[in-house]
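So the sequences go chain by chain: C and B. In the numbering used here, each residue's number is its place in the first sequence (first place is 1) plus 5. In the numbering used here, each residue's number is its place in the second sequence (first place is 1) plus 5.
Think of the hints as simulated: they come from the structure by calculation, not from any bench. A couple of the hints might just be wrong.
For chains that are exact copies, the list does not tell them apart, and a pair is met inside one copy or across any two.
Unchecked claim - Heads up, simulated PhoX-like pairs for lysine-lysine below, C-alpha to C-alpha not over 25 Å straight-line:
| no. | residue 1 | residue 2 |
| --- | --- | --- |
| 1 | K250 | K155 |
| 2 | K12 | K67 |
| 3 | K15 | K310 |
| 4 | K27 | K342 |
| 5 | K426 | K33 |
| 6 | K360 | K33 |
Protein chains: 2
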Amino acid sequence: MELQLPKGTKDFPPEEKIVRDKIVSTLKNVFELYGYSPLETPVIERYDVLSSKYAGGAEILKETFKFKDQGERELALRYDLTVPLARFVGMNPNLKMPFKRYQIGEVFRDGPIASARYRQFTQCDVDIAGCSDMIADAEIISLTNACFRKLELDIAIKINNRKLLNDILKYFGINEEKFEPVILSLDKLEKFGADAVKNELKQKVIDEKTTARLLDLIDVKGSNEEKIRQLENAIRKSDGLDEIKQLLSYLDIMGIKAEFDVSLARGLSYYTGTVMEVVLNDSKVKSSAAGGGRYDKMIGSFLGKGEMPAVGISFGLDRIYDALMERKVAIEKTTAKVYVIPIQTLGEGLGIAKKLRDNGINTDIDLMGKGPSKNLSYANSLGIPFVIFAGRDELDKKKVKLRDMKTGKEEMLSVEEVISKLKTR
Amino acid sequence: MELQLPKGTKDFPPEEKIVRDKIVSTLKNVFELYGYSPLETPVIERYDVLSSKYAGGAEILKETFKFKDQGERELALRYDLTVPLARFVGMNPNLKMPFKRYQIGEVFRDGPIASARYRQFTQCDVDIAGCSDMIADAEIISLTNACFRKLELDIAIKINNRKLLNDILKYFGINEEKFEPVILSLDKLEKFGADAVKNELKQKVIDEKTTARLLDLIDVKGSNEEKIRQLENAIRKSDGLDEIKQLLSYLDIMGIKAEFDVSLARGLSYYTGTVMEVVLNDSKVKSSAAGGGRYDKMIGSFLGKGEMPAVGISFGLDRIYDALMERKVAIEKTTAKVYVIPIQTLGEGLGIAKKLRDNGINTDIDLMGKGPSKNLSYANSLGIPFVIFAGRDELDKKKVKLRDMKTGKEEMLSVEEVISKLKTR
Numbered sequence: 006m007e008l009q010l011p012k013g014t015k016d017f018p019p020e021e022k023i024v025r026d027k028i029v030s031t032l033k034n035v036f037e038l039y040g041y042s043p044l045e046t047p048v049i050e051r052y053d054v055l056s057s058k059y060a061g062g063a064e065i066l067k068e069t070f071k072f073k074d075q076g077e078r079e080l081a082l083r084y085d086l087t088v089p090l091a092r093f094v095g096m097n098p099n100l101k102m103p104f105k106r107y108q109i110g111e112v113f114r115d116g117p118i119a120s121a122r123y124r125q126f127t128q129c130d131v132d133i134a135g136c137s138d139m140i141a142d143a144e145i146i147s148l149t150n151a152c153f154r155k156l157e158l159d160i161a162i163k164i165n166n167r168k169l170l171n172d173i174l175k176y177f178g179i180n181e182e183k184f185e186p187v188i189l190s191l192d193k194l195e196k197f198g199a200d201a202v203k204n205e206l207k208q209k210v211i212d213e214k215t216t217a218r219l220l221d222l223i224d225v226k227g228s229n230e231e232k233i234r235q236l237e238n239a240i241r242k243s244d245g246l247d248e249i250k251q252l253l254s255y256l257d258i259m260g261i262k263a264e265f266d267v268s269l270a271r272g273l274s275y276y277t278g279t280v281m282e283v284v285l286n287d288s289k290v291k292s293s294a295a296g297g298g299r300y301d302k303m304i305g306s307f308l309g310k311g312e313m314p315a316v317g318i319s320f321g322l323d324r325i326y327d328a329l330m331e332r333k334v335a336i337e338k339t340t341a342k343v344y345v346i347p348i349q350t351l352g353e354g355l356g357i358a359k360k361l362r363d364n365g366i367n368t369d370i371d372l373m374g375k376g377p378s379k380n381l382s383y384a385n386s387l388g389i390p391f392v393i394f395a396g397r398d399e400l401d402k403k404k405v406k407l408r409d410m411k412t413g414k415e416e417m418l419s420v421e422e423v424i425s426k427l428k429t430r
Numbered sequence: 006m007e008l009q010l011p012k013g014t015k016d017f018p019p020e021e022k023i024v025r026d027k028i029v030s031t032l033k034n035v036f037e038l039y040g041y042s043p044l045e046t047p048v049i050e051r052y053d054v055l056s057s058k059y060a061g062g063a064e065i066l067k068e069t070f071k072f073k074d075q076g077e078r079e080l081a082l083r084y085d086l087t088v089p090l091a092r093f094v095g096m097n098p099n100l101k102m103p104f105k106r107y108q109i110g111e112v113f114r115d116g117p118i119a120s121a122r123y124r125q126f127t128q129c130d131v132d133i134a135g136c137s138d139m140i141a142d143a144e145i146i147s148l149t150n151a152c153f154r155k156l157e158l159d160i161a162i163k164i165n166n167r168k169l170l171n172d173i174l175k176y177f178g179i180n181e182e183k184f185e186p187v188i189l190s191l192d193k194l195e196k197f198g199a200d201a202v203k204n205e206l207k208q209k210v211i212d213e214k215t216t217a218r219l220l221d222l223i224d225v226k227g228s229n230e231e232k233i234r235q236l237e238n239a240i241r242k243s244d245g246l247d248e249i250k251q252l253l254s255y256l257d258i259m260g261i262k263a264e265f266d267v268s269l270a271r272g273l274s275y276y277t278g279t280v281m282e283v284v285l286n287d288s289k290v291k292s293s294a295a296g297g298g299r300y301d302k303m304i305g306s307f308l309g310k311g312e313m314p315a316v317g318i319s320f321g322l323d324r325i326y327d328a329l330m331e332r333k334v335a336i337e338k339t340t341a342k343v344y345v346i347p348i349q350t351l352g353e354g355l356g357i358a359k360k361l362r363d364n365g366i367n368t369d370i371d372l373m374g375k376g377p378s379k380n381l382s383y384a385n386s387l388g389i390p391f392v393i394f395a396g397r398d399e400l401d402k403k404k405v406k407l408r409d410m411k412t413g414k415e416e417m418l419s420v421e422e423v424i425s426k427l428k429t430r
């Protein structure tokens, strides 16, 4: 049998997983600093939930893994963590509002395998439900900013508003039922370029002149204030534009910069207001490292009672990992700090390992009775920074030999001395 | 639309998820103390991998969620983390041995929903590949013991050996091709009782007299030494029994108690030697909290070169959670430590929240402009321990009012004083 992974999936060996875990724990810390609590929902959902009216829309359902359980119920792997959040709020109508939660988990999309696009990937989502004021959108952006500062990644935050996009389309006389497909086309501007989008819009029966004017307005240049002014000159009154102004004023109070980008659309159909995206500066990773927005209709539809405001962002763990790797920081390959090598002294070796572990020092030990040089090469290949030789001679003197694998320096120390030395590292 | 979860799955709201995360982080810490490194494999696997000869066996395949991707490839949700580990080692033949890894992740079984049996559940697995000596089994048991001590759960560890069970069956003249089905029946002894097992064995054409003698020998009583003696008297030489003796002697050196239980079988067919199980003492949770064993054939079959020794254990997060909940410890419902209530002072409130967060204090803030009493009831319902009132009067004096939600005590403090007070908690 030839061993294979499912197409579009990958393993994360220890040297990668250690870094991924560090990213996740950094994000968790910031989420909790901002008062968000963790939630876990199942990886599998009922298909009727994922395909309901205000969920992710037709495009994403084409990429949804579907199957049935023993009882012939239609199930599917979740394609995001937002629809499950909405379902959770819908099933728990007595939750205190605002409900501030984060969730970290795998999502699945059975789509084409483009560059760095996986069929299973990990999202880290933060959302706040129950607050319609732009202050919630500002808090999400502030938290996002804090996350990337902690990760020491240089970013730009782009914002736009779906209501504004709708108002622009209305201004150009485009029919309301075409808003969603046209916006999904506009979403492809950055990825596929203006010509591809013009072609798509033609198929959606938008005449060439309108398309040209639309793309011109969306491509408006200048500072945030200049863009706002030009849009006001063109389309006059827009609730979406008012929201952008309000959001930017909150961000100003918080001392956070964001770029108003009228061409930003985001591919999912559930957004109703603010949309946001994080772009990495000075990185080869061109896709967004985080993205989200406001979706005021989905939860309400699940609750069965009108609207329930909600806004959130999703961090792409894989993109963040790739960006951090570009920095070429030395990668820890192992979690062990010291490797004990008993030399026909396994009993005593186990005792030493126990003492080290009791003192909180991550300790590995040779269980195979390998020779010293094989053991050294093992510890070296795993990147374990210290090695202890526990030979009969040393043990008789109540000592062990500690070797610093980086410098090669060796010292005769008591186990207690080893502990105090490794604890301060 | 009536909102539903897939049958056999559940959500973990923040008050449960916070506890689950603490359990996971305790386990991770101990795993790393013992020198194990993390691995992540996809939730989806190719069906041919999960159904290969030395994998989980026919029983578990009946409970495997199967589906196809766009390219009509047969995929499935993993039913454990052991087969994916074996596949990983098989695909990475240059891994340094022994390979010590842990993995925490969801697994799926589309089986009947018995009491506390879920179709999605979380396993925390620790395994060591590449070491055939019983010292590896002993290390896994030592680590298991350390985990439950850290969790402050009182446990008993049961051990047995599949080779011994095979030798016992051979001794009773049972055909080798019946070993696996008979052992799978014996596994049901504790759960369904002797009568049910007798019935099953009858269907497997084991005569009544043999069944009675078999069950008698398996039910052998006394201390570990007494059980070993009685088995030696009956079946004489057994490699499995030698392994049990060796394992018990290592555990003795480590100062760890384990009960040799000849009736212990474990349901999965891939075990080849030691099997082990953790039972919770003084708990209503009757199912095992952890279980595992040695599987020397699976990885070798994936590597395509004979045997590759491996042993490991899997901790059941859901069982451990249930056991901890029986203690009725006060549950933290939120991760926030303090809740800032601006009183028409949102701008200043945001500044205070920023200072607290910059000092590592988990901080929530009212974004809705609710009244003080509504805000207090919100903070109270979430179990947030402190509240800050930031009214105009207080702010003019460069102070805020800090309220201890437990005692009701209120103090006028500067933000710096609040920080030093909350940091020491």
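Tested hints:
Proximity of K250 and K155 under a CA criterion of 25 Å is satisfied in neither setting, with 28 Å inside one chain copy and 52 Å between copies. In this homomeric assembly, K12 and K67 come within 25 Å of each other (Cα to Cα) both inside a single copy, at 17 Å, and across copies, at 24 Å. For the homomeric pair K15 and K310, the shortest alpha-carbon distance between copies (24 Å) is at most 25 Å, but the shortest distance inside one copy (42 Å) is not. Taking CA atoms no more than 25 Å apart as the test, K27 paired with K342 passes in both settings, with 17 Å inside one copy and 23 Å between copies.
For a Cα distance limit of 25 Å, the shortest separation of K426 from K33 across copies, 24 Å, qualifies, whereas the shortest one inside one copy, 31 Å, does not. In this assembly of identical chains, K360 and K33 lie within 25 Å of each other by CA distance solely across copies; the values are 19 Å between and 32 Å within a copy.
Going down the numbered hints, you'll see the structure goes against just number 1.
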